[in-house]
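Listed below are the residues making up each chain.
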Amino acid sequence: MIRTVGILLLFLAPVALVFAQGKKEAKESKIFPYQVNQVTLDNGLKIVSIPFDSPGIVAYWTVVRTGSRNEVEPGKSGFAHFFEHMMFRGTEKYPKDAYNEVLKQMGADNNAFTSDDVTAYHTLASADALETIMEIESDRFMNLKYSEEDFKTEASAILGEYNKNYSSPFMTIFEKMRDAAYEEHTYKHTTMGFLKDILDMPNQYEYSLQFFDRWYRPENCVLVVVGDFDQKKLVALATKYYGNWKRGSYTLDVPLDPPQKEEKLVPLPWKAQTLPILAIAYHGPAFSDSEIDMPAVDLFSQVVFSETSELYNKLVVEEQLVEFVQGGQGDSRDPGLFTIFTRVKNPDNIDKVRDAIYVAIENAKTKPVSADNLAAIKSHMKYQYAMGLDAPESVARGISHYIMLTGNPESVNRVYALYDKVTPEDIVMVAEKYFAKENRTVVLLTYQEGKQ
Amino acid sequence: MRTLTLILAISVCAMALTIKLHAIEKGGLKFTEIQSTTSPLVTFRVILRAGSINDPAGKEGLNALTAYTIAQGGTKDLTYQQLVEKLYPWAAGINVQVDQEITTFIAEIHRDHLDAFYKLFSDLLLSPRFDPADFQRMKDVGLNYIKNTLRSTDDENLGKEALSAFMFPDHPYGKLEAGTVKGLEVITLDDVKDYYKKTYTQGNLWIGIAGGYPKSLVERMKKDFGKLPTGKFEPVKLPTPVPVKDVEAIIVEKPTRAYAISMGYPIPLTRKDKDFYALLVANSYLGEHRTFNGVLMNRLRGDRGLNYGDYSYIEKFVGGVTSGSRFPDLNTPLRQQCFTIWLRPVQSENAHFAIRNAMFELKNLVRDGLTKEDFEATRKFVIYYSKLWASTLSRRLGYQMDSEFYGTEYFIGRIEKELKKLTVNDVNAAVKKYLHDSDIKVAVVVDEGKGQEFLNALTTNQKSPIKYASPPSESILNQDKEIEVFPLNVNAEGSKVVNAKDLFER
Chain B
2 MIRTVGILLL
12 FLAPVALVFA
22 QGKKEAKESK
32 IFPYQVNQVT
42 LDNGLKIVSI
52 PFDSPGIVAY
62 WTVVRTGSRN
72 EVEPGKSGFA
82 HFFEHMMFRG
92 TEKYPKDAYN
102 EVLKQMGADN
112 NAFTSDDVTA
122 YHTLASADAL
132 ETIMEIESDR
142 FMNLKYSEED
152 FKTEASAILG
162 EYNKNYSSPF
172 MTIFEKMRDA
182 AYEEHTYKHT
192 TMGFLKDILD
202 MPNQYEYSLQ
212 FFDRWYRPEN
222 CVLVVVGDFD
232 QKKLVALATK
242 YYGNWKRGSY
252 TLDVPLDPPQ
262 KEEKLVPLPW
272 KAQTLPILAI
282 AYHGPAFSDS
292 EIDMPAVDLF
302 SQVVFSETSE
312 LYNKLVVEEQ
322 LVEFVQGGQG
332 DSRDPGLFTI
342 FTRVKNPDNI
352 DKVRDAIYVA
362 IENAKTKPVS
372 ADNLAAIKSH
382 MKYQYAMGLD
392 APESVARGIS
402 HYIMLTGNPE
412 SVNRVYALYD
422 KVTPEDIVMV
432 AEKYFAKENR
442 TVVLLTYQEG
452 KQ
Chain W
62 MRTLTLILAI
72 SVCAMALTIK
82 LHAIEKGGLK
92 FTEIQSTTSP
102 LVTFRVILRA
112 GSINDPAGKE
122 GLNALTAYTI
132 AQGGTKDLTY
142 QQLVEKLYPW
152 AAGINVQVDQ
162 EITTFIAEIH
172 RDHLDAFYKL
182 FSDLLLSPRF
192 DPADFQRMKD
202 VGLNYIKNTL
212 RSTDDENLGK
222 EALSAFMFPD
232 HPYGKLEAGT
242 VKGLEVITLD
252 DVKDYYKKTY
262 TQGNLWIGIA
272 GGYPKSLVER
282 MKKDFGKLPT
292 GKFEPVKLPT
302 PVPVKDVEAI
312 IVEKPTRAYA
322 ISMGYPIPLT
332 RKDKDFYALL
342 VANSYLGEHR
352 TFNGVLMNRL
362 RGDRGLNYGD
372 YSYIEKFVGG
382 VTSGSRFPDL
392 NTPLRQQCFT
402 IWLRPVQSEN
412 AHFAIRNAMF
422 ELKNLVRDGL
432 TKEDFEATRK
442 FVIYYSKLWA
452 STLSRRLGYQ
462 MDSEFYGTEY
472 FIGRIEKELK
482 KLTVNDVNAA
492 VKKYLHDSDI
502 KVAVVVDEGK
512 GQEFLNALTT
522 NQKSPIKYAS
532 PPSESILNQD
542 KEIEVFPLNV
552 NAEGSKVVNA
562 KDLFER
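Heads up: the protein sequence lines correspond to chains B and W, in order. Offset between the first sequence (1-based) and the working numbering: plus 1. Offset between the second sequence (1-based) and the working numbering: plus 61.
Please keep in mind that the hints were generated in silico from the structure rather than gathered at the bench. The C-beta atom is built at its ideal place from N, Cα and C for all residues, glycine as well. Do not rely on the hints blindly, as some may be mistaken.
[Stated by the list, open to error] Just so you have them, the derived chain W footprint on chain B, three or more residues with Cβ under 8 Å:
#1 167 to 178
#2 306 to 312
#3 388 to 396
[Claimed, not checked] Computed far set for chain B versus chain W, every beta-carbon distance over 10 Å:
#4 Leu210
#5 Asp427
#6 Lys434
[What the hints assert, rightly or not] Listed below are the simulated DMTMM-like cross-link pairs for lysine to aspartate or glutamate, each with C-alpha atoms no more than 25 Å apart in a straight line:
#7 W:Lys528 / B:Asp201
#8 W:Lys542 / B:Glu264
#9 B:Lys94 / B:Glu149
#10 W:Lys81 / W:Glu479
#11 W:Lys137 / W:Asp231
#12 B:Lys197 / W:Glu410
#13 B:Lys177 / B:Glu439
#14 W:Lys511 / B:Glu450
#15 B:Lys197 / W:Asp364
#16 B:Lys177 / W:Glu479
#17 W:Lys562 / B:Glu450
Extracted from the complex, chain B is given alone in its bound form:
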């Protein structure tokens, strides 16, 4: 059930703890308050390590800067995510069951995820286990070996993952929205991939070997270690276990889309009963820690769509036409989509709701945000990020996000410094630049019995 209902999302953790541990950095107005060590081995593998006051605990992440963005070949959508699953199928030294047994002995929490731009493998365990973790992780990154039979079995589990997500209409909306909005770029497909490609995965064993050979290379990966560790020992262990990992040579050419020329409309019938869901996507900027566009778009999303916005107040609170309305853009290496979602309570009001959203966007182009509102938004965003850094795993997650985007943890400080500089005029500028009719794709999901 909806067990939790909240006034605002719960993004809470210790800001002052953060500031207390990083006084020097705080004076320099850096959002990321902890000491960040960086070492690069001869083979190009970067190790980012962050001491954190969590006695006895260490978070160990391997960030592979490969995601569904890398799936440039036709018929291979979803492969980065599939490969994430294959990474748990073992090596000669540690076959699948042996690998799991080692993790079990540590009492470790161990998992992985894939998105457009990254595949991240994460372990949370006792600090005593660091060497063991490095041994088994380096082994699978360098010596992964699985049978064709295992490969095919795991392909079925991927279909199972697709199936588990399927009952939610949001997965299909994302599929249709991206497919319509992009022409060439690999963001055209979701990380899960097209169903036809998932169904063909059992036949792609040979390609999987090629995929590993291309991307699971030291120069494409970053180790992130947060918590209780000794820096000298960490570097020595990294050299010992990862030093023989050979560099790769594959280069990627992801085709960029030409500017969209006209509005795209995608009707989406849904055969299970649901309220109408309206999804509107605009092509936005790529992440950058030096250009103002993406930070200004983030602030624009707060001005127009946060719980304090005029639009939210009108549609959710006063007129109660929708259950929720939200809009924003996640960071991505290449230009991503700014997406707006709303669930309309009465199908008769779809046009009214859509028009109210467009009016709110147009207003942002002509009415600069007030100084007070801008200050509140900047405060909100800083607290939201910094308060989330309350445990080793959340710190590792918080910094890995920026490593995924640029390969450089310092990007977090640079981009928050940019947030500080965003002016009302910058927000007007991005509203005009990105939020035009011809740049948008509109998906409307409605309940139509028997159709899908």
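Assemble chain W onto chain B, guided by the hints.
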């Protein structure tokens, strides 16, 4: 591999916490404190000792709707929107979690803003606005959740909730926390105000606070919350769950491409019982949530690729599907628990086989128990792993309060203490005593129009060979031959096919 020492401290433990359990105040208020001298955060968990089991007949959803109208509403002085504007620059939040036995208001704030925040938070609970517009907005949320989300676009939770109702017939645990469609429809704002007046008393409120707050805050809270009506907490009397006889199935029809499966039965154990800890080890071995340790996960997903995941539980499992959390949820304690198995959606043609496969593994566990090696490895795992569960102050506080609910010492500490004393014989004796592979309820969400056919296949023990994209090894194929005819013996009389649209109506 090297020997590892036990994890004795995690980040919040490093904060020098002072745990203070209060005697119940004169007016009935109860406090739990975890004070830290170093944390800049203050976290609140205010528990109302009432949940969906307190809903009056015909007004199912009253407890939830009251809590939502409070948490998503305003105060006497501020409208909802004015309140949101105050909280926004601090990135502060006030959430409410509604469960069957308790309702928890959860909030967290940086101590720089503590004074101003506490005023708003306490006003929200002590002087709620009960604006008709806020009430209507939350009523819509509740109704839409049942009609348009649970029944139609969230198959895994639908399967779990259908099982819950099927496992606990004529029992308050058989009702949704959100209520029913008919119940929510008839509830008025006056009902909500009346429920608040009767239920939000000192006797029913239990205030948890943790972090870097000044001592004076607790005194202030005693004074402020002491203005609520006095009273003594009176728990709702629960009937003993009807024992499950036979294997019975509820087949829920709705449009879907894959079948979500849940099964289980009530068990007479909670965290307060010694045997719970023996069963905790056995359950971890069978199906630890979101790990590759469990037998179910390895046999169904690992060997056969049947689906995304397969787990088992000895406490009612909530969350996880949408929250994505790999650790247990907090503040969802129950006086009566259940054993359940959750199979994530399976391709329709393999659903019957998957149920058989799970029952086959359960039968093996009940018959053979754990080996000494499996026991040792699993015990060690649970001791380490459970120490990762309370890594933040808010979670630490939540576990503390749950432990008090069950009348036991701090749960995570008790896990280590009890597990260290266990033997493999204790665990296997608990398996024999509390688990069985017969007398179990099964819920399956199937595609529209396919329910009766699926139920017939179950009740007639129809052979159900698994269909592979590509066949696995010979040894697995040989075992498949045994599983595909494994007798489930589903009792047709006690089983039924229902349409999702008809569930949770009244």
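> For which of the previously enumerated hints does the structure constitute a violation, in increasing order of number?
Replying inline: 8, 11, 16
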